[in-house]
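Kindly produce the complete structure, drawing on both the sequences and the hints.
Protein sequence lines, in the order shown, are assigned to chains A, B and C.
Count the first sequence with the working numbering and you get residues 1 to 312, in order.
Count the second sequence with the working numbering and you get residues 1 to 315, in order.
Count the third sequence with the working numbering and you get residues 1 to 280, in order.
None of these hints come from the bench; they were simulated from the model.
Computed from a prediction, not measured in an experiment: that's the story for all the values here.
Heads up, a few of these hints could be off.
[Said to hold, decoys possible] With a straight-line Cα cutoff of 35 Å, these simulated DSBU-like cross-link-like pairs (lysine-lysine) come out:
no. : chain 1 : residue 1 : chain 2 : residue 2
1   : A       : Lys126    : C       : Lys94
2   : B       : Lys141    : B       : Lys93
3   : C       : Lys94     : A       : Lys248
4   : B       : Lys57     : C       : Lys241
5   : A       : Lys248    : C       : Lys275
6   : A       : Lys248    : B       : Lys153
7   : C       : Lys275    : A       : Lys126
8   : C       : Lys275    : A       : Lys306
[Stated by the list, open to error] Some chain A residues well away from chain B (every beta-carbon gap over 12 Å; in silico):
no. : residue
9   : Glu61
10  : Asp78
11  : Gly244
12  : Lys248
13  : Leu249
14  : Glu278
[To be verified] These stretches of chain C come out as covered by chain B in the derived footprint (C-beta under 8 Å, 3 or more residues):
no. : region
15  : 8-14
16  : 218-226
Backbone N, C-alpha and C fix where the C-beta goes; we use that ideal spot for every residue, glycine too.
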Amino acid sequence: MATPAGSAVPAVAPLSLRSSRKHYGEKVIQALLGLCALVSIVTTLGIVISLLVPALEFFAEVSPVDFLTGTTWAPLFDPASFGAIPLLVGTLSVTFWALLVAIPFGLGSAIYLSEYASPRRQAVLKPMLEILAGIPTVVYGYFALTAVTPLLRSMGLQVEIFNVLAGGLVMGVMLIPTIASLSEDAMAAVPQGLRDGAYGLGADKLQVSTRVIVPAAMSGIIASFVLGVSRAVGETMIVLIAVGQQAKLTFNPLEGVSTLTAFIGATGNGDLPTGSTEYKTIFAVGLTLFVITLVMNIISIRLVRKYREVYD
Amino acid sequence: MSARTLTRALVGLVLPLFALAAAGCGGGGSDGGGSISVDGSSTVGPYMTAAAEGFQKENADVRITVGVSGTGGGFERFCRVETDISNASRPIKEEEAAICAENDVEYVEFRIANDALTVVVNQENDWATCLTVDELNAIWKPGSTVDNWDQVKSGYPDVGLKLFGPGTDSGTFDYFTEEINGEAGASRTDYAASEDDNVIVQGVGGEKGGLGYLGFSYYEANDDTLNAVAVDGGDGCVAPSVETAQNGTYTPLSRPLFVYVKKSSFAEPAVEDFIGYVLENEIAIAEKVGFVPLNAEQLATAKNDYQTAVEEAQG
Amino acid sequence: MSARKVRARIFQALMIFSLAVSMGVLTWLLISTFIDGVPALDSKLFTNPPSSVPEEAGARPAILATLYIAVLVLLFSVPIGVGTALYMEEYARKERWYNRFLEVNIQNLAAVPAIVYGILGLAFIVRGIGVGRVLLAGALILTLVVLPTVIIASREALRAVPDSIRQGGYALGATKWQVISRQVLPASIPGIATGSILALSRAVGETAPLLLIGALTYVAFDPTILGPFTALPVQIYTWVKLPDAGFQALAAAAIMVLLAIVLGMNALAIFLRSKFRQRW
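And the structure:
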């Protein structure tokens with residue numbers, strides 16, 4: 001930078017601990033690392049673009065109102081019908097049964113781990129929960145079809161070969177670790193002082209757990225439920241293998257239905273024939289799925305932040 | 001163990017896997033062999049898969065992949081120059097041929113087997129042994145609301161009717177709807193649709209009131225869980241079988257199965273040899289996977305077409 | 001016993017019961033898979049390609065492809081993930097809007113369903129870059145799926161290193177990168193390794209994204225990175241759908257192989273975590 005002629009020599013700069021040599025290497029490294037960070041931004045952009053563009057084309061041909069309120073889903077037939085309600089109801093139905101299992105058992109496990117189990121027991125039991133979380137979903141799907149459905153039938157329930165109940169129950173087991181670990185984190189964050197105070201007043205474990213800890217950790221616990229819903233909505237393989245691919249509008253868990261994810265998985269595999277409206281339904285459904293899970297995630301993040309704030 | 005040792009251990013684990021992967025870098029198969037990509041009908045799929053297995057045993061350097069996107073899906077990829085061979089359970093449609101022409105894809109059609117499109121019911125279904133075309137039409141026509149067996153024919157029990165069938169990309173779907181409902185593609189939409197015939201087998205096999213339709217080979221392979229329904233096409237009930245399909249008495253649901261081969265792919269020795277192998281062993285392959293072989297006349301025609309195509313490619 | 005004590009005991013029993021149910025189902029799953037799969041568990045599973053005849057079928061191309069994919073995902077996701085984590089923890093100024101956006105972005109990406117990544121991959125990696133339906137595309141997509149997890153785990157590992165270590169380094173005149181590369185990173189390697197291995201085990205078990213990019217084809221030859229492929233979870237899915245009992249047994253056997261790989265990785269990660277728990 002040239003000093004304009006005639007200007008005074010600047011006063012001595014204040015002492016600085018910064019090195020006087022320029023470290024170009026440092027700048028390069030910082031740039032490289034920033035580039036790494038850019039990958040995730042590009043990924044999000046990619047997801048949004050790859051979903052939005054064909055989905056908008058789709059909605060130019062099929063009115064969003066028809067899509068969101070129509071009750072017949074037959075996009076590949078002629079004449080085609082694009083009412084997505086059966087898919088949404090299917091997703092909702094499976095999610096309901098999944099949470100019916102995951103919430104009580106997940107929360108119960110969390111309370112046990114947080115309030116009752118000794119550190120030694122915790123060290124053994126927590127990894128076992130992690131194992132449950134690590135099982136690939138295709139394995140859960142196989143289990144639902146080959147072990148759970150026959151079991152339900154032997155119990156006298158007239159389930160169809162592909163049905164919501166088997167898939168929902170197994171999905172619930174899959175979600176137990178999610179709910180358990182997040183709830184347990186929330187409960188662990190409750191200051192010990194609260195517990196000690198309650199014990200000091202003569203409360204027993206039951207009272208402390210239900211009246212002190214759980215309410216105190218409530219926002220974290222709810223966050224875990226919301227995350228559970230999000231994962232249930234986005235789960236594909238269990239549904240593809242065990243719940244069926246027929247877009248039926250029914251809440252009956254003994255029947256088979258199709259869900260948002262099952263439709264994408266069944267229709268999109270192999271090849272996507274380009275250009276036609278049927279092809280674009282995959283993106284419209286994908287966009288719906290993405291928006292639902294996005295909203296759930298934002299709610300969940302807000303809730304987690306809320307419980308973190310209270311005690312930090 | 002310090003973190004440094006840990007790092008070294010992990011690197012020691014990963015490097016051999018790298019070497020493994022590097023071995024996997026060996027090019028796209030253009031080392032002396034050749035690669036053939038096949039896609040299309042899920043009815044014809046098992047036939048071509050069995051053929052590919054047999055062929056690859058004798059020619060280990062040829063890489064064949066077989067997909068089952070459905071007859072329609074297969075043609076899409078074929079006409080977009082993505083595959084060498086397209087399997088089809090119905091002849092190519094005009095619109096599809098037009099797309100191929102647009103993309104300069106010339107092809108040869110080979111009839112490689114016959115099929116008796118089979119209507120299947122659950123093993124425990126002992127009442128529906130024969131259905132007429134009209135009864136099938138009443139069940140499957142667009143807008144049909146038949147949902148119980150007692151609505152199909154008087155005397156049938158009160159058992160819920162659960163329908164399974166191919167999806168719209170399937171040649172089987174096109175063929176069945178054309179023969180039974182009068183127009184290809186005209187069908188009720190509230191059934192469990194899948195491009196994968198195995199799902200239909202699983203579905204019908206698991207539901208007492210199940211009804212579905214699929215290629216004969218899938219019934220043959222699963223005759224312990226499924227029963228075939230005899231079809232009355234106007235001349236009495238005829239059950240599907242190799243004989244009735246070959247002599248034409250199983251109407252209207254006996255049909256030809258095709259493969260379409262790109263003329264430009266014929267120039268490749270791998271493709272030429274493969275198709276030659278398929279035709280040479282047609283009867284054996286068909287019997288192995290439960291298809292209806294071509295009769296002598298049809299086989300001769302196919303072999304003739306093959307010769308012509310080979311000469312064209314070389315000339 | 002007083003009513004209160006009874007209630008307390010019942011409550012405790014219920015809590016234990018919850019955990020017991022989870023463990024019980026896990027055990028049931030493992031045992032029933034084992035029983036179904038043992039008949040088909042022999043060397044053929046590892047040496048033979050798939051076949052229409054169950055007695056001759058194996059999962060060799062699928063197993064190889066899964067191993068290659070694992071290596072590739074490790075190769076891609078760890079540098080990018082750790083790099084991003086380093087940027088966010090050590091370099092980024094948290095008040096800047098773009099850095100806060102980055103945080104939110106990664107948290108959201110971590111919860112996007114895998115099948116949406118499949119759609120992304122099909123649009124941009126298979127067709128866009130034109131790589132085609134090849135193993136590399138599958139590996140790239142799975143990298144994106146697990147990247148947020150690697151980033152989050154690496155950030156935790158970096159954050160666990162006390163600031164005093166960094167300050168000490170600066171006080172001795174080290175540059176930022178020197179402090180990071182010689183103090184912070186080595187200290188956080190166990191945490192990073194644990195997180196990466198867990199993320200990798202997830203990538204190995206993912207099916208949906210691979211389905212969308214056409215991994216379902218019949219592939220009877222050993223896979224190459226730029227060739228068509230099928231992975232172990234996809235092979236299992238293919239076999240599960242085949243009604244023949246022989247294929248169901250094969251599916252169960254292949255599941256055992258997949259579980260061995262995935263649970264093995266999980267066990268390794270848990271072992272690393274407990275062994276290298278740093279005490280500052």
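Against the structure, the hints:
For the hint linking Lys126(A) to Lys94(C), the alpha-carbon distance of about 33 Å falls within 35 Å, and the restraint holds. Of the supplied pair hints, the one linking Lys141(B) and Lys93(B) holds, its CA atoms being roughly 22 Å apart against a limit of 35 Å. Between Lys94(C) and Lys248(A) the CA atoms are separated by roughly 49 Å; this puts the pair beyond 35 Å, and the hint is violated. The suggested pairing of Lys57(B) with Lys241(C) holds, with an alpha-carbon distance near 26 Å, which does not exceed 35 Å.
Only pairs whose Cα atoms come within 35 Å are accepted, and Lys248(A) paired with Lys275(C) is rejected, the gap being roughly 52 Å. Our distance criterion of 35 Å between C-alpha atoms is met by Lys248(A) and Lys153(B), whose separation comes to about 25 Å. Distance check on the hinted pair: Lys275(C) and Lys126(A) sit about 16 Å apart at the alpha-carbon level, within 35 Å; holds. The suggested pairing of Lys275(C) with Lys306(A) holds, with an alpha-carbon distance near 33 Å, which does not exceed 35 Å.
With a least beta-carbon separation of about 18 Å from chain B, Glu61(A) lies farther than 12 Å from that chain, consistent with its non-interface assignment. The beta carbon of Asp78(A) is not kept farther than 12 Å from every beta carbon of chain B, the shortest such distance being approximately 5 Å. The Cβ of Gly244(A) sits about 6 Å from the closest Cβ of chain B, inside the 12 Å cut-off, so the non-interface label is violated. Not every C-beta of chain B lies more than 12 Å from that of Lys248(A), the closest at about 7 Å, which undercuts listing it as non-interface.
Some Cβ of chain B comes within 12 Å of the Cβ of Leu249(A); the nearest lies about 10 Å off, and the non-interface call is violated. Remark: the non-interface label on Glu278(A) conflicts with the geometry, its nearest Cβ contact in chain B lying 8 Å away (cut-off 12 Å). Coverage of the region 8-14 of chain C by chain B is violated [criterion: at least 3 residues with CB-CB distance below 8 Å; count 0]. Evaluation of the coverage hint for the region 218-226 of chain C: fulfilled, as 9 residues show C-beta separations to chain B shorter than 8 Å, against a requirement of three.
Consistency with the previously given hints fails for numbers 3, 5, 10, 11, 12, 13, 14 and 15, ordered from lowest to highest.
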